[in-house]
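Chains as they are written, first to last, in the working numbering: chain A, 1 to 219; chain B, 1 to 379; chain C, 1 to 132.
Treat the hints as calculated values from the structure; they're not laboratory data.
It is possible that some hints are incorrect.
Label pairs and their in silico Cβ distance ranges [stated by the list, open to error]:
| # | chain 1 | residue 1 | chain 2 | residue 2 | range |
| --- | --- | --- | --- | --- | --- |
| 1 | B | Lys241 | C | Pro82 | 37 to 45 angstroms |
| 2 | A | Ala43 | B | Ala360 | 47 to 55 angstroms |
| 3 | B | Thr70 | C | Gln123 | 34 to 42 angstroms |
| 4 | A | Ala43 | B | Ala357 | 24 to 32 angstroms |
| 5 | A | Ile124 | C | His22 | 54 to 62 angstroms |
| 6 | C | Gly60 | A | Glu100 | 44 to 52 angstroms |
| 7 | A | His197 | C | Val54 | 50 to 58 angstroms |
| 8 | C | His26 | B | Gly245 | 56 to 64 angstroms |
| 9 | A | Ile17 | B | Asp250 | 26 to 34 angstroms |
| 10 | A | Ile75 | C | Gln29 | 51 to 59 angstroms |
| 11 | C | Phe81 | A | Phe90 | 24 to 32 angstroms |
| 12 | B | Lys241 | C | His26 | 22 to 30 angstroms |
Beta carbons: idealized from backbone N, C-alpha and C, even for Gly.
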Amino acid sequence: MTDTEFLLWVRGPAFEIATIIFTLGVVLRILEIVFLGRKANLAEARGSATAGGIRTIITRSVPESGTFKRSTFVIVAGYLFHIGLFVTIFLFAPHILTFESVLGFSWPALPTAIVDATAVVTVITLLVVLIHRMQDPVMRFLSGFQDYLVWLVTFLPLVTGYIAFHRVGPAPQMLIAIHILSVEALMVLFPFTKLMHAFTLFMSRWYNGAISGYRGVNS
Amino acid sequence: MKKDQTLGEVLRSRKISRRGFLKFCAATASLMALPPSMIPAIARALENARRPSVIWLSFQECTGCTESLTRSHAPTVEGLIFESISLDYHHTLQAASGEAAEAAREAAMQENWGEYLLVVDGSIPAGGAGFSTIAGISNMDMLLETAAGAAAIIAVGSCAAFGGIPAAKPNPTGALSVAELLQGYADQLPDTVNATASELKSKPIINVPGCPPIPVVITGVLTHFLTFGTIPELDALSRPKVFYGNSIHDRCYRRPFYDRGQFAETFDDEGAKKGWCLYKLGCKGPTTFNACATAKWNDGTSFPIESGHPCLGCSEPDFWDAGGFYKALSTPTEDISRAAVYAVAAGAAAGVALGAANRAKKSKAAKNHQKVSIDDLEK
Amino acid sequence: MTHSFNIETDAGLTHNVQPLMHEIRHAVQALLDTGETTVIDLRSLPLAPGELEVIEATLGRGEVNAVLEAMGPSEISETVFPGVWLVRHFNADKQVMGVFVEITRMPSLLLSQNEDIADGLRQLDEKLETMF
Chain A
1 MTDTEFLLWV RGPAFEIATI IFTLGVVLRI LEIVFLGRKA NLAEARGSAT AGGIRTIITR
61 SVPESGTFKR STFVIVAGYL FHIGLFVTIF LFAPHILTFE SVLGFSWPAL PTAIVDATAV
121 VTVITLLVVL IHRMQDPVMR FLSGFQDYLV WLVTFLPLVT GYIAFHRVGP APQMLIAIHI
181 LSVEALMVLF PFTKLMHAFT LFMSRWYNGA ISGYRGVNS
Chain B
1 MKKDQTLGEV LRSRKISRRG FLKFCAATAS LMALPPSMIP AIARALENAR RPSVIWLSFQ
61 ECTGCTESLT RSHAPTVEGL IFESISLDYH HTLQAASGEA AEAAREAAMQ ENWGEYLLVV
121 DGSIPAGGAG FSTIAGISNM DMLLETAAGA AAIIAVGSCA AFGGIPAAKP NPTGALSVAE
181 LLQGYADQLP DTVNATASEL KSKPIINVPG CPPIPVVITG VLTHFLTFGT IPELDALSRP
241 KVFYGNSIHD RCYRRPFYDR GQFAETFDDE GAKKGWCLYK LGCKGPTTFN ACATAKWNDG
301 TSFPIESGHP CLGCSEPDFW DAGGFYKALS TPTEDISRAA VYAVAAGAAA GVALGAANRA
361 KKSKAAKNHQ KVSIDDLEK
Chain C
1 MTHSFNIETD AGLTHNVQPL MHEIRHAVQA LLDTGETTVI DLRSLPLAPG ELEVIEATLG
61 RGEVNAVLEA MGPSEISETV FPGVWLVRHF NADKQVMGVF VEITRMPSLL LSQNEDIADG
121 LRQLDEKLET MF
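Could you build the full structure based on these sequences and the hints that come with them?
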């Protein structure tokens, strides 16, 4: 297979398959969770579950001060690479074109230089986070195969994207193809791994808030 | 002009001084993208170079490559190079036709067996001999016969180099590039071919793709052969590295705009007028290797990007099937939204079904007073 | 060559001029120190539209301007910087065939060539024979 044929396959059928698996998988899992249902709370409602749910989704975006003091490093690093991922994935002009071709609408991009710098920060942060996971005894004990796999499929698109953008040199078609392929790997693994937290986090924040809100307390 | 005159003799017979010859060598060095320090070596080589016989075969082509090459009227460098080869067979440029032309080709082949240059433009239909014939000879047979005695083969244009537009989906004629044909059909040689399969398969092929190739690139390759008698250094797709070693993107004067993220969104917006990067309009510059950004077209006037049109990637294989000239490299080539919508629907259906099945399982367990075990929690 | 259609070139897009001037400066120093000559092919650089004009304007015209007529005209001029020569080759159709910057005491093309001198000697002999 020539470089061109590989790139076309990656941009064509492979992307289609990855999108199908990703979309189908995510929708399936979310609905499965929703249909699990909750045990009915037979007590009388003291407050609004809905208000509590919505409120908690927003307030849990800021860490609680006690947790922050105890785990400053993990929380700051987490924020850094999550925001970094958001910027590099959603605010980079060529990526916005990709989303536009699937969704039909687009949004403004950030200057490429800013995205470039953010990518560097994100890559460094991800490496630091990995080292922490491997060195901290508790983290090491808790970490399984899936944790490292998920880290890898998140890391690879960033690094391959950076290389494709800057060193579009001797084999640019291959560099771009590998980058897109790494994203497809991420998409395919997404519904089957902890990466689902990107969607389920809203559901768990909601449930916590709703339960407390029903009881008339803050969560 | 006698065939066994050296180029030096040709120039002197036209009353061109040594100074004029040195000027010619300087322009030739520039043309071949060789450093000026090589001018003395070029002068020495050209002085003594003999005029090689060149047979030009045109198959499934549009004649654009010949048009590109013959854009000179006065004694320009390209013109002189053209005259310093002995073009013994060329459909468009030769005076003879019919049997006389074919006889001329065969005579040239006999006289220069093993030493002539074979230039091919156009792809070869392998799907049926009747798709393209010349004087009753199928393209495939003619190529195999003529390649047998060639010193080297230059596949000019994307059709000869990679299959070209005739090979675009669904490739109704089974169009093949020169390299594909020689590799694939050397084992089925007709009796008229005077070479073995392995000899044909190992013929040196230089691909000079482009739709059409830049004229200076075509003459640059011919000049290299004329000057040094060897094939220039080739890349993985058999293209001369000197002309195809850099991507358009790496030499594009609009690169600062790409790096800064300033793109033209449409063909006539403010960004387009300011000459911003054409990535969003589908420019294939990052994945295309050619000399357009440096050598440019029409004697250095401009090239597509400079004129405001995104690069088509015409010197790359399959450029006509690469997902659309106006689709950016970061967009998928298929229509994904339809697949995504079906996936959402299928996921929803499966989710509801599985959810219902889970609930049924749960209520059955509750009815049977099944206790939750540690295994259930660990799942 | 000016571009009068709808593209306004960004004035800051002359990022080839400064490095080139540095390269020329380096070559001039070498010429002064060791007599080493340098030839730069301007057409090997990916110049933005209008950059060639900026370079030629920056180099300017000095005291010497020579025109060579061989297969079309060639202009060989010293720039405002002595030792830095701008050589432009044209064909008979006035199309540009090559643009070089030569850092040297005398561009090689201005020197009379041995082969031409030998030819000229033969012609001189013929002339002398017919005259006397």
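Verification of the supplied hints:
no., hint, verdict
1, B:Lys241 - C:Pro82: 37 to 45 angstroms, "holds, 38 angstroms"
2, A:Ala43 - B:Ala360: 47 to 55 angstroms, "violated, 27 angstroms"
3, B:Thr70 - C:Gln123: 34 to 42 angstroms, "holds, 36 angstroms"
4, A:Ala43 - B:Ala357: 24 to 32 angstroms, "holds, 30 angstroms"
5, A:Ile124 - C:His22: 54 to 62 angstroms, "violated, 34 angstroms"
6, C:Gly60 - A:Glu100: 44 to 52 angstroms, "holds, 50 angstroms"
7, A:His197 - C:Val54: 50 to 58 angstroms, "holds, 56 angstroms"
8, C:His26 - B:Gly245: 56 to 64 angstroms, "violated, 25 angstroms"
9, A:Ile17 - B:Asp250: 26 to 34 angstroms, "holds, 32 angstroms"
10, A:Ile75 - C:Gln29: 51 to 59 angstroms, "holds, 58 angstroms"
11, C:Phe81 - A:Phe90: 24 to 32 angstroms, "violated, 52 angstroms"
12, B:Lys241 - C:His26: 22 to 30 angstroms, "holds, 27 angstroms"
Hints 2, 5, 8, 11 from the earlier list are contradicted by this structure; the remaining hints agree with it.
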